[in-house]
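Engineer: Residue numbers (the numbering used here), protein chains in the order written: chain A, 1 to 598; chain B, 1 to 376.
Read the hints as simulated data drawn from the structure, not as lab findings. Built from N, CA and C at the ideal position, the CB exists for glycine as well. There may be inaccurate statements among the hints.
Unchecked claim - Facing chain A, according to a computed beta carbon distance under 10 angstroms, are these residues of chain B, among others:
id, residue
1, Gly204
2, Tyr251
3, Arg254
4, Met309
What the hints assert, rightly or not - Heads up, incomplete: computed chain B residues facing chain A, CB under 8 angstroms, no partners named:
id, residue
5, Gly58
6, Pro182
7, Ser185
8, Ala188
9, Leu215
10, Tyr257
11, Asn271
12, Arg272
13, Asn287
14, Asn305
15, Cys314
16, Ala364
17, Asp365
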Amino acid sequence: MEKFRNFCVIAHIDHGKSTLSDRLLEFTKTISERDMQNQALDDMDIERERGITIKSHAIQLYYDHSDGVKYTFNLIDTPGHVDFSYEVSRSIAACEGALLIVDATQGIQAQTISNLYLAIEHDLEIIPVLNKIDMDSAMIEEVTDQVVDLIGCDPSEIILASGKTGEGVQEIMNAIVDRVPAPKGDPKAPLQALIFDSVFNSFRGVIAYFKIINGVLKKGDKVRFVNTGKEYGADEIGILQLDQVKKKVVGCGDVGYIITGIKESKEIKVGDTITTIENPCSEAIQGFEDVKPMVFAGIFPVDNDDFEDLRDSLEKLQLNDASLTFEPESSVALGFGFRCGFLGMLHLEIIQERLDREYNQNVITTVPNVTYFAKSKKKGSEKFIVKTPADLPDPSQLEFVEEPYIEAQIISKPEYVGSIMTLCLDKRGEMTKQTYLTPTRIEMTFILPLAEIVFDFYDRLKSISRGYASFDYTPLDYRQSDLVKSDILLNGDPVDALSALVHRQKAEAFGRKICKKLKELLPRQQFKIAIQASIGAKVVARETISALRKDVTAKCYGGDITRKRKLLEKQKKGKKKMRQIGNVEVPQRAFLEVLKLD
Amino acid sequence: MAGIYIHIPFCKQACHYCNFHFSTSLNHKTALVEALQKEIKLQKNFLLGATIESIYFGGGTPSMLTEMELMDIFSTLHQSFEIGKTAEITFEANPDDLTSAYLQTLVKSPVNRLSIGVQSFFEEDLKWMNRAHDANQAIDCIHEARKAGFENFSVDLIYGSPSTSNGMWEKNLEKIRALKIPHLSSYALTVEEGTALGSWVKKGKMPDVDPAKSLKHFEMLQQFVQKNHYRHYEISNMALEGFEAVHNSNYWKRIPYLGIGPAAHSFDGKNRQWNINNNAKYIQALNEGRLEMEKEALSESDLFNEYIMTGLRCDWGISKAYIAKHFPQFNNTFEKELAAQVQLGALVEKTSSFVLADAAKFIADGVASEFFVVND
Ligand SMILES: Nc1nc2c(ncn2[C@@H]2O[C@H](COP(=O)(O)OP(=O)(O)O)[C@@H](O)[C@H]2O)c(=O)[nH]1
Ligand SMILES: C[S@@+](CC[C@H](N)C(=O)[O-])C[C@H]1O[C@@H](n2cnc3c(N)ncnc32)[C@H](O)[C@@H]1O
Ligand code: SF4
Ligand SMILES: [Mg+2]
Numbered sequence: 001m002e003k004f005r006n007f008c009v010i011a012h013i014d015h016g017k018s019t020l021s022d023r024l025l026e027f028t029k030t031i032s033e034r035d036m037q038n039q040a041l042d043d044m045d046i047e048r049e050r051g052i053t054i055k056s057h058a059i060q061l062y063y064d065h066s067d068g069v070k071y072t073f074n075l076i077d078t079p080g081h082v083d084f085s086y087e088v089s090r091s092i093a094a095c096e097g098a099l100l101i102v103d104a105t106q107g108i109q110a111q112t113i114s115n116l117y118l119a120i121e122h123d124l125e126i127i128p129v130l131n132k133i134d135m136d137s138a139m140i141e142e143v144t145d146q147v148v149d150l151i152g153c154d155p156s157e158i159i160l161a162s163g164k165t166g167e168g169v170q171e172i173m174n175a176i177v178d179r180v181p182a183p184k185g186d187p188k189a190p191l192q193a194l195i196f197d198s199v200f201n202s203f204r205g206v207i208a209y210f211k212i213i214n215g216v217l218k219k220g221d222k223v224r225f226v227n228t229g230k231e232y233g234a235d236e237i238g239i240l241q242l243d244q245v246k247k248k249v250v251g252c253g254d255v256g257y258i259i260t261g262i263k264e265s266k267e268i269k270v271g272d273t274i275t276t277i278e279n280p281c282s283e284a285i286q287g288f289e290d291v292k293p294m295v296f297a298g299i300f301p302v303d304n305d306d307f308e309d310l311r312d313s314l315e316k317l318q319l320n321d322a323s324l325t326f327e328p329e330s331s332v333a334l335g336f337g338f339r340c341g342f343l344g345m346l347h348l349e350i351i352q353e354r355l356d357r358e359y360n361q362n363v364i365t366t367v368p369n370v371t372y373f374a375k376s377k378k379k380g381s382e383k384f385i386v387k388t389p390a391d392l393p394d395p396s397q398l399e400f401v402e403e404p405y406i407e408a409q410i411i412s413k414p415e416y417v418g419s420i421m422t423l424c425l426d427k428r429g430e431m432t433k434q435t436y437l438t439p440t441r442i443e444m445t446f447i448l449p450l451a452e453i454v455f456d457f458y459d460r461l462k463s464i465s466r467g468y469a470s471f472d473y474t475p476l477d478y479r480q481s482d483l484v485k486s487d488i489l490l491n492g493d494p495v496d497a498l499s500a501l502v503h504r505q506k507a508e509a510f511g512r513k514i515c516k517k518l519k520e521l522l523p524r525q526q527f528k529i530a531i532q533a534s535i536g537a538k539v540v541a542r543e544t545i546s547a548l549r550k551d552v553t554a555k556c557y558g559g560d561i562t563r564k565r566k567l568l569e570k571q572k573k574g575k576k577k578m579r580q581i582g583n584v585e586v587p588q589r590a591f592l593e594v595l596k597l598d
Numbered sequence: 001m002a003g004i005y006i007h008i009p010f011c012k013q014a015c016h017y018c019n020f021h022f023s024t025s026l027n028h029k030t031a032l033v034e035a036l037q038k039e040i041k042l043q044k045n046f047l048l049g050a051t052i053e054s055i056y057f058g059g060g061t062p063s064m065l066t067e068m069e070l071m072d073i074f075s076t077l078h079q080s081f082e083i084g085k086t087a088e089i090t091f092e093a094n095p096d097d098l099t100s101a102y103l104q105t106l107v108k109s110p111v112n113r114l115s116i117g118v119q120s121f122f123e124e125d126l127k128w129m130n131r132a133h134d135a136n137q138a139i140d141c142i143h144e145a146r147k148a149g150f151e152n153f154s155v156d157l158i159y160g161s162p163s164t165s166n167g168m169w170e171k172n173l174e175k176i177r178a179l180k181i182p183h184l185s186s187y188a189l190t191v192e193e194g195t196a197l198g199s200w201v202k203k204g205k206m207p208d209v210d211p212a213k214s215l216k217h218f219e220m221l222q223q224f225v226q227k228n229h230y231r232h233y234e235i236s237n238m239a240l241e242g243f244e245a246v247h248n249s250n251y252w253k254r255i256p257y258l259g260i261g262p263a264a265h266s267f268d269g270k271n272r273q274w275n276i277n278n279n280a281k282y283i284q285a286l287n288e289g290r291l292e293m294e295k296e297a298l299s300e301s302d303l304f305n306e307y308i309m310t311g312l313r314c315d316w317g318i319s320k321a322y323i324a325k326h327f328p329q330f331n332n333t334f335e336k337e338l339a340a341q342v343q344l345g346a347l348v349e350k351t352s353s354f355v356l357a358d359a360a361k362f363i364a365d366g367v368a369s370e371f372f373v374v375n376d
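All chains, full assembly: derive it from the sequences and hints.
Structural biologist: Printed below as a string of structure tokens:
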């Protein structure tokens, strides 16, 4: 037991978690130089392409310490984007320590703080690391002061490191052994293992990742998942190296995987406890709170026949990403699909991309929204939840609508305060606090409607502050707002999938922008297309797309009819990817792109 | 009924817009003409003994053939195929080649129709296009052809070029009228990849063709055709009565044809195949007694799509009866789309078929593809 060290790596996005993790893998020869790819743990294509970590990743390393003992480390790399803090909190639950990485050229950022609080809440031993000290712009003294202020440690406890040169890695290894407590637990007690993640593999079914809190797990054990009450055989167990490595036994305090032949994603719940049937534990480990999605959007198959396939794919994705929620929904414009809940816009984009890449699902994502509460004027009616704009009663029947508010922390440099204020006020925000963390770092707290930060807030914040602003938020409460429903009509047909709830004062401008954007997004067709935005019965904006005038090869093509036919077939396939609404063909991406208003 | 196409892959110089298969080096010319004859013999059963109703020499530039070469090809053709007595035998010729001497050669040969690549009567256009002839030759060759005895001939014109103003296009059409040209093939300038023009447009050195201008010129062409009683029987082809091209029309009626020469396409009613578009490889293969080509077996939906695509471009249109008879499996979707297009005004009903409305001719591809049956 005392030979295990379980720790996670937490940081603000881009501060160098993945790179530093690579160095640890190299240092311990977990990966041979030949197999080393940058960001070795980011094994999803999207992660490599975008250079961000989306999923947590666990891997086991072995370290020969100077005390002559060989230690087993379980390292968990975690995502840094606000959307994915949920993944972070689960990884934290499987660990006793955390490397808190701070980019020495950037200093403490909003996510550094929020992830740190999560770690402290779980009593993890924090090992602060200043990364990127190889860079000329590293501000070692200043950032050291920030870290000391933040966690109240001694400056000597802060390790200076570089993921680029490998400096400090030895020191980090020693600190893990010396400072991270060994997992406490009783190998002789009944098995109690916490499921902290799961993935779906199309050949092997559901694979659950767990950490053993008490007891041991042996291959072939009959096990029970305490919360679901389901029982299985431990067909295959093992530990997580770069690939899964089969074992006969996974010991107390260790992190491993289990395959039980479960095929249905629904059967497994992250946060559940595994025990044995023979000698069950008396209680479940306290699991995770259910994730609360922040943003909702409809996801519809481009082709209505693919509805069941889409359900299947969403179920599999959910297994891999417990923060995704969905329920069936139907739309006049788009037919049958699902209303899905996401952690944020990046999460939404990533789910859409993964559906396409990993599950080959061609989908349309509708305008995202948050959940509201409304009450109708009818006597005796109760406040009810509004998950999609279509659920909102007619304005004449509406007593009130409430929308969710959040508290946002923004950390930046004093010179950007003005433009950040302007942005937040434009987003209907109100500043409640302003604190100088150091003379050059300021933390601002705003109360904002969640709906206003869902779209393009993060990007705009980054661009007005030249990247020197970080942002994190927590849900606050629901408050009444003067919201109206903005509808879009194409050649007179309302398109429910493009409706949105917006603040009355912004409604007209919003309608105008959407019409303009649709004009860019819709291809010309054989006939004129009228695009209108309306609030209630009043049309507030209008654009027209004139009919297509030239679409012909008026060139000699002789006997080469094949080439010409193939060109037209391609054209037709493109059209098939579009959604017919009334007589207007709408490209799949238009439903989401339409909100990228700037 | 069947046709033969013979591709002559040589040109004096490369026109800036052209991506047809040709070489400006004449090194392989003799070997290639020999290879053409080998292919004719090799493929003599391709058309299953059908009588040949049309032969078309296209290019490249057929008028770069010498008298001897042309005679050799004809004698091989006669050995291998039965050529109908009234067969249409078209020969593409570039104006700069149509000297009275060369025309004499053609008159003596079985050639009975010319297709002359005039492109424009304006020096500015011809320069811009990098044509080998000038404005005088553009006119002179027509007079010379008539003098030599060719009454059945066609002229190619290109419109919509950045070098062609509306006024110039008007004057080009006026020339066609004044010269009483019996058949006109008129093409919208198309920017193709792999051409000088294509690369200039891509690099931004040259403006892309302006679709509004192409359309304007096409509309002028439509008015011209109506006023002067040409039959606009295909999007890019118009003829005075009795001068419609047999060979090209047969492509659009899906009548079998054999293509001889590099890059030439053949069709037997169910399969289409095309020779390699490389002179040296073409010659080498035939020297080894084989053909280097690719082949495509047309599925039912391919055949259906081609029927729609070619039919809509022509004034005989597409017919419900034909679909019901040949493609019953697509009948439902066909009728639905037909009704939708009629409703939109893109198609109009003629005696026994549906044809593109005049205003929809310039979106023929879009309308055709609406009907297409495709698998994912
Ligand atoms: N110069 C330098 N660059 C680094 C260092 N660590 C990471 N980077 C770079 O910083 C960027 C973000 O690193 P990454 O590991 O993906 O950060 P993560 O988002 O926290 O996982 C990448 O471009 C890395 O190459 C370092 O120590 N020195
Ligand atoms: C196969 S070419 C060969 C004809 C012959 N070599 C000549 O140029 O006179 C037949 C016709 O296609 C037309 N053409 C070729 N390339 C074109 C392009 N890129 N755009 C429009 N028309 C084109 C020209 O009018 C040309 O006369
Ligand atoms: S247009 Fe005719 S002459 Fe010009 S390059 Fe093409 S084939 Fe040769
Ligand atoms: Mg990363």
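Engineer: Compare the structure with each hint and give your call.
Structural biologist: The hints, checked one at a time:
1. Gly204: Where the cut-off is 10 angstroms and the nearest Cβ of chain A is about 21 angstroms from Gly204 (chain B), the hint is violated.
2. Tyr251: Given a least distance of 6 angstroms, the restraint on Tyr251 (chain B) holds.
3. Arg254: 9 angstroms, holds
4. Met309: 6 angstroms, holds
5. Gly58: Holds - the Cβ of Gly58 (chain B) comes within 8 angstroms of chain A, reaching about 6 angstroms at its closest.
6. Pro182: The hint is violated - Pro182 (chain B) has no Cβ within 8 angstroms of chain A, the shortest such distance being about 18 angstroms.
7. Ser185: 7 angstroms, holds
8. Ala188: 4 angstroms, holds
9. Leu215: Because about 5 angstroms separates Leu215 (chain B) from the closest Cβ in chain A, which is inside the 8 angstroms limit, the hint holds.
10. Tyr257: Constraint on Tyr257 (chain B) satisfied, holds at 6 angstroms.
11. Asn271: 10 angstroms, violated
12. Arg272: Result: holds, 5 angstroms to nearest chain A Cβ.
13. Asn287: 25 angstroms, violated
14. Asn305: 6 angstroms, holds
15. Cys314: 13 angstroms, violated
16. Ala364: Holds, about 4 angstroms.
17. Asp365: This interface hint holds because 5 angstroms falls under the 8 angstroms limit.
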